[in-house]
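Participant: Residues per chain, in single letters:
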Amino acid sequence: MRVTNRMLVDNLRLNIAQNAETLADLQTQLSSGKRLRKPSDDPQELSRALSVKSSIDQNNQYQRNISTARSWLEAADSNLNQLMNLLTRARNVALRGANGTQGTEERARLAEQADGLLQEGLQAANATHEGKYLFGGRMISGQLDAVTGLVDPPFTIEPDPVTGVDEVNYNGDSGEMKREIDKGVELAVNIPGDFAAGGVGSVLQKALTTLNDLKRHLTSDPSALSSDIEAFSECVDRVSDMRGIVGVKESRLDATESSLTDRGVGLKISLSRAQDADVAEVMTKLMMQENVYKAALNIGARVIQPSLLDFLR
Amino acid sequence: MGFLGLNTALLGLMAQQRALEVISHNIANANTEGYTRQEAVMGTTIPLTVALSGRGGLGQLGTGVQISEIRQIRDRFVDSQIRDQVASQGNWETLRDYYEQVEAVLNEPSDQGINNLLGKFWGAWHDLSGDASNYAAKATVVENAGVLADALRRDASQLAGLRTGASEQIDIKVGEINVWLKNLGDLNKKILEVEVVGGDPNDLKDQRGLLLDKLARVVPISVAETQLSGAPTGVTEMVISLNDNGTLRTLVDGADSLLDDEDSRYQLDWSGGQLLWIDRDQDGDGAVDSPVGAGTATDVQDGELAGLQLMYNSMLNPADGVNKSLAWRLNELAEGIIEVVNGFHPNFFTGTGATDIEVNPTLVDNPQDVQSGDPAIPGDGSIALSIAEAQDDVLASLENSSIGDWYKALISKLGIDSKQSQTMASNQKLLVDHLTRNREAASGVSLDEEASNLIRFERAYQASARVMTVMDEMLDKIINGMGLVGR
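Residue numbers (the working numbering), protein chains in the order written: chain A, 2 to 314; chain B, 4 to 490.
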C-alpha cells in the first residue's frame with residue numbers, strides 16, 4: 002500500500018496521543034488511590050460501591066442507636082436495682098413493726114425510717130438519664146399539672162380529692178420509645194412507669210403505694226402491716242422481673258451489635274475492593290506504559306526523518 | 004526533412020516542463036489540508052499519415068506529446084465512506100463529551116454526592132428519633148435536609164444549564180451549516196463553469212471536498228454526482244442531500260443552488276427543539292419567497308446535531324418521562340423524597356421537584372418546630388423513626404424501588420451510557436483514522452515519490468533538449484551546408 006510521509010507522521014502522532022492518554026489515566030489512579038472516579042470508569046462496580054457505602058452508613062447508624070439505647074437501659078437497671086434493695090429494707094421495717102412487742106415510740110421511729118425509704122423510692126422511680134425521666138413512658142420531661150401550673154415528675158404523691166388520703170399518682174404514659182437497631186428491627190428502649198406484671202398491676206405504683214402505706218400503717222394501723230410484708234415480697238419479685246426484661250433487651254443489643262460489627266468489617270473490605278486502586282498493579286502498568294511510550298517516541302523519530310531528497314545530488 | 008522533429012522536441016520540452024510544474028504544485032501543497040495530489044496525464048498528439056514502403060504504402064508517424072489532462076488521484080468511494088463514518092464519529096464524540104460533563108455535575112462517588120448526603124439525611128432523623136425533643140437533634144435534621152435539597156437543586160440547575168448550552172451550540176452549528184451550503188453552491192457553480200469548457204478545477208474540487216467533510220461531521224449527508232446532460236462526458240453535477248432518517252432532503256442542488264440574495268436556497272433552522280429544513284424558494288422562480296414557508300421537521304440520526312438534539316430533547320429534558328431521561332429521573336427522586344417526608348411530617352419540604360425543593364423556611368428559622376412525634380409527648384420520636392425507616396421503603400411512584408435504589412439506578416445508567424459513548428467514540432475514531440489513512444494512501448503527496456518523478460521529468464526534458472540540439476545541427480547542415488559547392 003502506498004505510504005506517504007504524512008501517514009508516518011500521523012501514525013506517530015496518534016500513537017503518542019494514545020500512549021499519553023493511558024499514562025495520564027494510570028497517573029490519576031495512583032495519585033488519587035481510587036480506581037473509580039466517575040460512574041463510567043466501571044458502571045457495575047460503582048453501583049455496588051454505592052450500595053455498600055449506604056449499607057456502611059446504615060450499619061454505623063444502627064451501632065450508634067444501640068449505644069444510646071444501652072446507656073438508657075443501664076441507667077434503668079441501676080435504678081431498679083436500688084429500688085429492689087430498698088423494698089427489701091422496707092420489708093424488714095414492716096416485719097419489725099408487725100412484731101407485737103414494739104411500742105408506739107419504736108413504731109414512730111420506724112415510721113420515720115419508712116418515710117425515708119419512701120423518699121428514696123420516689124427518687125429511684127423518678128430518676129433521670131441525661132435529663133429525661135427513665136420511667137415516665139414517653140413523658141420524658143414530666144407532665145404539666147393543670148392545677149398547680151408546675152411540671153410533675155412521673156410519680157407524685159397527692160391527696161385523693163375525695164378521701165383526702167395521700168396516694169401515689171402516675172403522671173407519665175404507657176408509650177414505648179422505639180429505636181431501629183437493625184434493618185426493619187425495632188426495639189423499645191424504655192419500660193413505661195405503669196408496666197404491669199404478674200397480676201399486681203403497675204409494679205412501680207404498687208411499690209410506691211406500699212411504701213406510702215407502710216408509714217401510715219406503722220403509726221395508725223399496725224394490723225395491716227402483715228399484708229404490707231407480703232406486698233413487699235411480691236414487689237421485690239416483680240421489680241426483679243422488670244430487671245429481667247431490661248436484661249433481655251440488653252442481651253439483644255449485644256447480639257445485634259456483634260453481628261453489625263462483623264458485617265461492618267465485611268462491608269469495608271467490599272468497598273475497598275470495589276473502588277480502591279491496587280497500588281502494586283497500577284505501578285507495574287505505569288512502568289510498562291512508560292516504556293511503550295519511550296519506544297514509540299524513539300521509533301517515530303527514526304522513521305519520519307529520512308527522505309529521498311537527502312540522498313539526491 | 005521538415006521542421007516536424009523540431010516541433011516534436013518542442014512539444015516534449017513543454018510537456019515535461021508542465022509536468023514539472025505539476026510536481027512543484029504537489030510538493031508545495033504536501034501539507035495542505037484536503038489537498039489531493041495531481042498528475043499530468045500525457046497523451047500522444049494526432050499522428051501524421053506518411054508514405055511507407057511496406058503495408059499498403061501508408062503508415063502513421065507520431066508527432067509528439069501533449070498534456071491531455073491534469074487529473075486528481077482521488078477515490079470517490081473512500082470519500083463517501085469517510086463521510087458516513089465521520090457523521091457517526093461526530094455523534095458519539097458529542098455524546099461522550101456531554102456525558103463527561105454530566106458525570107462531573109453529579110460527582111459520584113464522592114462525599115458531596117447525593118448518595119452520601121441522603122445517608123446523612125436519614126441518619127439525622129434516626130438520631131432525632133432517639134432524642135425526640137432535643138433542639139440540637141432537630142437543628143441537625145434541618146441542616147442536613149437543607150444540604151440535600153441544595154444539592155438536588157444545584158444538580159437540576161446545572162443540568163438545565165447544560166441543556167441550554169446544547170441548544171445554543173445547535174444554533175451556532177446551524178448557522179455555520181447555512182454558510183457552508185452557500186459556499187458549496189458557489190463552488191459547484193465555479194467548478195461547472197471550468198469543466199464545461201474542458202478545464203480541470205482540481206483545487207476547487209479539493210475545497211469542496213473539505214467543506215463536505217466538515218458538513219458530514221455535523222449532519223448525515225448523501226452526495227450524488229450525475230452526468231450533466233448535454234455536457235461532455237465526465238462533467239458531473241453534484242447534489243448534496245440531508246439524510247432525514249431515510250428521506251433525502253436536498254441541501255445543495257448542483258450549480259443552481261443560490262438564490263438572488265446570494266444565499267443557499269435550502270437552509271436549516273433550529274426552533275422549538277426541532278431541526279427544520281427550509282426551502283426558501285418553493286415556487287422555483289429563483290427569488291426568495293416572501294414570506295418564506297415554514298420548514299419541515301427533520302429527524303437526523305447521525306452527526307453532531309443528532310447528539311446535541313438527544314441531549315436537549317431527551318437526556319437533559321426533565322419532561323421526558325417516556326424515555327426516562329436522566330433529568331426526569333432526578334426530578335422523580337426529588338418528588339419521591341418530598342412525598343415520603345411530607346407524608347409523615349406535613350410541610351417539611353416545600354416545592355414539587357428537583358428544581359424547587361427546599362426545607363420549609365419556617366423550620367429553617369425555628370428548628371424547634373420540627374415534629375419528631377406527638378408535640379404534647381416529648382419522648383415520642385415516632386414520626387422521626389418512620390421517616391428514618393422509610394429509606395428502605397419502596398415507593399409506587401418510583402416504580403417500586405426505594406429512594407436510595409432509584410438514585411443508584413440513575414447513576415448506574417449514567418455510567419453505562421457514558422462508558423458506551425466513550426467506547427463507541429474511540430471505535431469510530433479508529434475506523435475514521437483507518438479510512439483517512441486509505442484516502443491519504445491514494446491521494447496524499449509522498450515527497451519521495453515526487454522527488455523521484457522530478458528526476459524522471461528533468462531527464463526527459465534534458466533528452467528533449469538534446470534532441471532539439473541534434474535537429475538543429477541537422478537543419479544547420481541542410482540550410483547552411485547543402486548546395487555550397489567548393490566553399
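A hint or two may mislead.
[To be verified] In silico BS3-like pairs for lysine-lysine, Cα to Cα no more than 30 Å straight-line: (1) B:Lys432 - B:Lys123; (2) B:Lys422 - B:Lys327; (3) B:Lys176 - B:Lys208; (4) B:Lys176 - B:Lys432; (5) B:Lys416 - A:Lys184; (6) B:Lys422 - A:Lys269; (7) B:Lys432 - A:Lys286; (8) B:Lys208 - A:Lys35; (9) B:Lys416 - B:Lys432; (10) B:Lys208 - B:Lys185; (11) A:Lys35 - A:Lys295; (12) A:Lys35 - B:Lys185; (13) B:Lys176 - B:Lys193; (14) A:Lys295 - B:Lys217; (15) A:Lys184 - A:Lys269; (16) B:Lys416 - A:Lys269; (17) B:Lys217 - A:Lys35; (18) A:Lys35 - A:Lys269; (19) B:Lys422 - A:Lys179; (20) B:Lys422 - B:Lys176; (21) B:Lys192 - B:Lys208; (22) B:Lys422 - A:Lys286; (23) B:Lys480 - A:Lys35; (24) B:Lys208 - B:Lys327; (25) A:Lys269 - A:Lys295; (26) B:Lys432 - A:Lys295; (27) B:Lys480 - B:Lys217; (28) B:Lys422 - B:Lys217; (29) B:Lys208 - B:Lys193; (30) B:Lys480 - B:Lys123; (31) B:Lys176 - B:Lys192; (32) B:Lys432 - A:Lys269; (33) B:Lys208 - A:Lys184.
[Stated by the list, open to error] Ranges of calculated distance between the beta carbons of each label pair, as one might list FRET restraints: (34) A:Met2 - B:Thr472: 53 to 59 Å; (35) A:Arg65 - B:Gln277: 35 to 41 Å; (36) B:Leu478 - A:Ser308: 52 to 58 Å; (37) A:Glu46 - B:Leu433: 24 to 30 Å; (38) A:Ser308 - B:Ile482: 29 to 35 Å; (39) A:Glu187 - B:Ala107: 37 to 43 Å; (40) B:Gly149 - A:Val186: 28 to 34 Å.
In case anyone wonders, no lab produced these hints; they're calculated from the structure. Beta carbons are placed, not taken as given, at the ideal position from N, Cα and C, and that holds for glycine.
Participant: Each hint: holds or not?
Facilitator: We went through each hint and held it up to the structure:
1. With a C-alpha separation of about 43 Å, the suggested pairing of Lys432 (chain B) with Lys123 (chain B) is violated against the 30 Å cut-off.
2. With a C-alpha separation of about 18 Å, the suggested pairing of Lys422 (chain B) with Lys327 (chain B) holds against the 30 Å cut-off.
3. Taking the CA atoms of Lys176 (chain B) and Lys208 (chain B), the gap is about 23 Å. The hint holds against a cut of 30 Å.
4. Between Lys176 (chain B) and Lys432 (chain B), the direct Cα distance comes to roughly 21 Å. Compliance with the 30 Å bound is thereby established for this hinted pair.
5. With a C-alpha separation of about 27 Å, the suggested pair Lys416 (chain B) and Lys184 (chain A) falls inside the 30 Å cut-off, and the hint holds.
6. Distance check on the hinted pair: Lys422 (chain B) and Lys269 (chain A) sit about 26 Å apart at the alpha-carbon level, within 30 Å; holds.
7. At roughly 24 Å between alpha-carbon atoms, Lys432 (chain B) and Lys286 (chain A) fall within 30 Å of each other, so this suggested pair holds.
8. Our distance criterion of 30 Å between C-alpha atoms is broken by Lys208 (chain B) and Lys35 (chain A), whose separation comes to about 52 Å.
9. The hinted pair formed by Lys416 (chain B) and Lys432 (chain B) meets the criterion: a straight-line CA distance of about 24 Å does not exceed 30 Å.
10. Between Lys208 (chain B) and Lys185 (chain B) the alpha-carbon distance is near 15 Å, which keeps this suggested pair within the 30 Å criterion.
11. Restraint check for Lys35 (chain A) and Lys295 (chain A): the C-alpha separation of about 26 Å stays at or below 30 Å, so the hint holds.
12. The suggested pairing of Lys35 (chain A) with Lys185 (chain B) is violated, with an alpha-carbon distance near 51 Å, which exceeds 30 Å.
13. Taking the CA atoms of Lys176 (chain B) and Lys193 (chain B), the gap is about 25 Å. The hint holds against a cut of 30 Å.
14. Between Lys295 (chain A) and Lys217 (chain B) the CA atoms are separated by roughly 34 Å; this puts the pair beyond 30 Å, and the hint is violated.
15. Taking the CA atoms of Lys184 (chain A) and Lys269 (chain A), the gap is near 18 Å; set against the 30 Å cutoff, the hint holds.
16. Distance restraint check for Lys416 (chain B) and Lys269 (chain A): the Cα-Cα separation of roughly 24 Å lies within the 30 Å cut-off, and the hinted pair is therefore satisfied.
17. Between the alpha carbons of Lys217 (chain B) and Lys35 (chain A) the distance comes to roughly 39 Å, so the proposed pair goes past 30 Å and is violated.
18. Taken as a hint, the Lys35 (chain A) and Lys269 (chain A) pair is honoured in the structure, with Cα atoms around 15 Å apart against an allowance of 30 Å.
19. The straight-line distance between the Cα atoms of Lys422 (chain B) and Lys179 (chain A) is roughly 45 Å, outside the 30 Å bound, and the hint therefore fails.
20. In summary, the hint linking Lys422 (chain B) to Lys176 (chain B) is supported, as the alpha carbons are separated by about 26 Å, within the 30 Å threshold.
21. Under the criterion of a C-alpha separation no larger than 30 Å, the hint pairing Lys192 (chain B) with Lys208 (chain B) is consistent with the structure, at around 11 Å.
22. Note on Lys422 (chain B) and Lys286 (chain A): the hinted pairing holds, with a Cα-Cα distance of about 22 Å set against a maximum of 30 Å.
23. For the suggested pair Lys480 (chain B) and Lys35 (chain A), the alpha carbons sit about 93 Å apart, so the restraint of at most 30 Å is broken.
24. This hinted pair does not check out: Lys208 (chain B) and Lys327 (chain B) have alpha carbons roughly 46 Å apart, beyond 30 Å.
25. Using a Cα cut-off of 30 Å, the hinted pair Lys269 (chain A) and Lys295 (chain A) is violated, with the two alpha carbons roughly 39 Å apart.
26. Proposed proximity of Lys432 (chain B) and Lys295 (chain A) is supported: the alpha carbons are some 24 Å apart, at most 30 Å.
27. Between the alpha carbons of Lys480 (chain B) and Lys217 (chain B) the distance comes to roughly 64 Å, so the proposed pair goes past 30 Å and is violated.
28. Proposed proximity of Lys422 (chain B) and Lys217 (chain B) is supported: the alpha carbons are some 26 Å apart, at most 30 Å.
29. Among the hinted pairs, Lys208 (chain B) with Lys193 (chain B) is consistent with the structure: their alpha-carbon atoms are about 10 Å apart, no more than 30 Å.
30. Our distance criterion of 30 Å between C-alpha atoms is broken by Lys480 (chain B) and Lys123 (chain B), whose separation comes to about 111 Å.
31. A distance of roughly 24 Å separates the Cα atoms of Lys176 (chain B) and Lys192 (chain B); the hinted pair therefore holds under the 30 Å criterion.
32. Taken as a hint, the Lys432 (chain B) and Lys269 (chain A) pair is broken in the structure, with Cα atoms around 40 Å apart against an allowance of 30 Å.
33. Proximity of Lys208 (chain B) to Lys184 (chain A) is assessed by CA-CA distance (about 72 Å); at most 30 Å being required, the pair is judged violated.
34. Checking the proposed 53 to 59 Å range against Met2 (chain A) and Thr472 (chain B) shows it is violated: the Cβ atoms sit about 43 Å from each other.
35. The hinted window of 35 to 41 Å between Arg65 (chain A) and Gln277 (chain B) is violated, with their beta carbons roughly 54 Å apart.
36. The beta-carbon spacing between Leu478 (chain B) and Ser308 (chain A), approximately 44 Å, falls outside the hinted interval of 52 to 58 Å.
37. Distance hint check: the CB atoms of Glu46 (chain A) and Leu433 (chain B) are about 26 Å apart, consistent with the given range 24 to 30 Å.
38. With their beta carbons about 49 Å apart, Ser308 (chain A) and Ile482 (chain B) fall outside the hinted range of 29 to 35 Å.
39. Taken as a hint, the range 37 to 43 Å holds for the pair Glu187 (chain A) and Ala107 (chain B), whose Cβ atoms sit roughly 41 Å apart.
40. Checking the proposed 28 to 34 Å range against Gly149 (chain B) and Val186 (chain A) shows it holds: the Cβ atoms sit about 30 Å from each other.
Of the numbered hints given earlier, the model fails hints 1, 8, 12, 14, 17, 19, 23, 24, 25, 27, 30, 32, 33, 34, 35, 36, 38; all others are met.
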